[in-house]
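J.: Next come the chains, spelled out residue by residue.
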Amino acid sequence: MFNGYVITIAVFVGIWVSLALSLNILVGYAGQISLGHAAFFGIGAYTSAVMTVRYGQSFWAGLLAAILITGIVGAILGLPSLRVRHDFLVLATMGVNFVVVAVFKYVDFFGGAMGIVNLPAPSLFGVSFRGGALYMALVWLYAGFVLLISWYLSKTWAGLALNTVRIDEDAAAAVGVSVPRFKIYAFAISAALAGGAGSFYAHFIGSVFPDTFAFVESIAILSMVIIGGVGTLRGPIFGAILLKSAPEFLRFAQDYRFTIYGALLVLMMLFQPSGLLGDDSWLWTLGKRIFRRPAASMQAEEAS
Amino acid sequence: MTELRVEHVSKRFGGLQALQDVSLQTEGEILGLIGPNGAGKTTLFNIISGFLPPTSGTITYDGRALHKQHPHQIVRLGIARTFQIIKPFGDLSVLENVLSGIGMPVYPSARALFQRYRTSATLKQAHAILAQTDLQDWAQAPAANLPIGLQRRLEIARALATRPHLLLLDEPAAGLTTHEAEDLALLIRSLHAQGIDIIVIEHNMSFAMNLCERIVVLAQGQIIANDTPAVIQQDERVINAYLGQEEADVAHS
Ligand SMILES: Nc1ncnc2c1ncn2[C@@H]1O[C@H](COP(=O)(O)OP(=O)(O)OP(=O)(O)O)[C@@H](O)[C@H]1O
Ligand SMILES: [Mg+2]
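Line by line, the protein sequences are chains U and A. Take the first sequence: its letters are residues 237 to 540, numbered as in my numbering. Take the second sequence: its letters are residues 53 to 305, numbered as in my numbering.
Keep in mind that the hints were calculated from the coordinates and are not lab data. In this text, a Cβ means the ideal position worked out from N, Cα and C, and glycines have one as well. Incorrect hints may appear among the rest.
Stated by the list, open to error - Okay, derived cross-link-like pairs now, DSS-like style, lysine-lysine, Cα gap no bigger than 25 Å in a straight line: (1) A:LYS120 - A:LYS139; (2) A:LYS176 - U:LYS391; (3) U:LYS391 - A:LYS120; (4) U:LYS524 - U:LYS391.
Unchecked claim - In silico negatives: residues of chain U with every beta carbon more than 12 Å from chain A: (5) GLY292; (6) PHE361; (7) ALA394; (8) VAL413.
As the list claims (entries may be wrong) - A short, non-exhaustive set of chain A residues, derived as facing chain U with CB atoms under 10 Å: (9) ARG133; (10) GLU148; (11) MET156; (12) TYR169.
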């Protein structure tokens, strides 16, 4: 049923759904615009590559390390966000992305421009997951995990606190929310989940190279979140599916995809800042009307 | 008794002396803070609640120094505030705005990451506060959709949700109709009757005179009077300060 090509696309889409959802915690929940998310994606990928190739650990250990270490690095890299204003944060996170890629590129331990190759595929009880439907299932299981965390977080006190931080930092402080603490939480959780996605990516491709995690990828991920609908759960999922799979069907668009993402991003910011599926977007409103109408008219009939 | 002591507080913004050697202390009453525009009233609230550091001077509450603490720590000590330029969490519902204050004790702990904020206990507390502030009909509405007078009331409700012992209200009656202002005065009195100390900044003289047991008058950063409303009303310097203001207003227009 699943040929190799479809599985490859499905794996990529699953990984980018995880990335978009993870960035959404930072941007949509905490209101901290980041143009450096690919750095966390990369740190996860490299952590897993180093753990497995350099230290001979299993995929599972690599995945766990990727999540933990990227989370810790995310918390540390989030520290500048406490000092800078919003517009400056965009630049700061961009800078972080460039530095991280440079470290991968110029530090021998990370393999330089040649990257790290021959990553093992995950296996469980002697069954290898490489390239198969099993790997795809695993990736989507992870995407589901990221979704679950995102959803649960929004129900916790921390989720409410992140909302207050996004809307008004002074008012947040006035109800007892430590703004720095919750920003760091958001950075750490967002980064950790992106790190896990990096691990899945690395072991699917079997190698890691610095340029995969360049700044343009950060723009791509942010585009998915914003085009889909920042702050919601459906939005980033939809945005990632749309933007990651469309170029596969429109092959001619492949070479220009970053340009297209960028152009779409600007258009959305101008005309539909809440995203295609944001709460007050025309598409979402239309959808709600179509699906509500039958129910509403049935009630009307019962009443008459 | 928990008392707030402001001692010799001065605040300078560049070349502007916004507060000059201000000292006052609460005595469990409804304390009014009045004064012309730019007198430094909001600045004093900002300093007490930790949003601004004083240039010099000390503030203690219940014997604890406040002037080196952050706003989120000061609210934990039992001092809550509202903002003159209201700051509701506009896209959150009125109920969630109140819940945000109820979370105050949880935020510093790691429990915040695991505990859900809508439980029967927290909802019960939130609805009690909404009932007390007469906002229950608006519970599910986004705060931004409320009329401005109710948004001001929501500021108070959200501050109350942190269970303060001292409540700093910055012009809560601004923009209210006479009728709404009367309701507000009733609310403030009932909060005081519950044991919450109150400092209220007010421009509306008759509102302040009726509500407050004592009034502190600030003019150009200095306290020029601190007495009962009856005495304040007769005070030369207070009358002059306000007349000066009116003359300045006329000159401006
Ligand atoms: N953060 C700030 N930076 C610079 N100047 C400030 C700052 N906050 C207040 N000021 C100035 O300090 C003075 C006192 O302002 P403040 O807001 O405390 O007055 P107020 O008594 O609350 O007046 P109003 O009745 O108009 O609210 C004003 O001249 C104001 O412009
Ligand atoms: Mg003021």
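J.: Starting from the hint list further up, note which numbers the structure goes against and sort them upward.
T.: 3, 7 and 8
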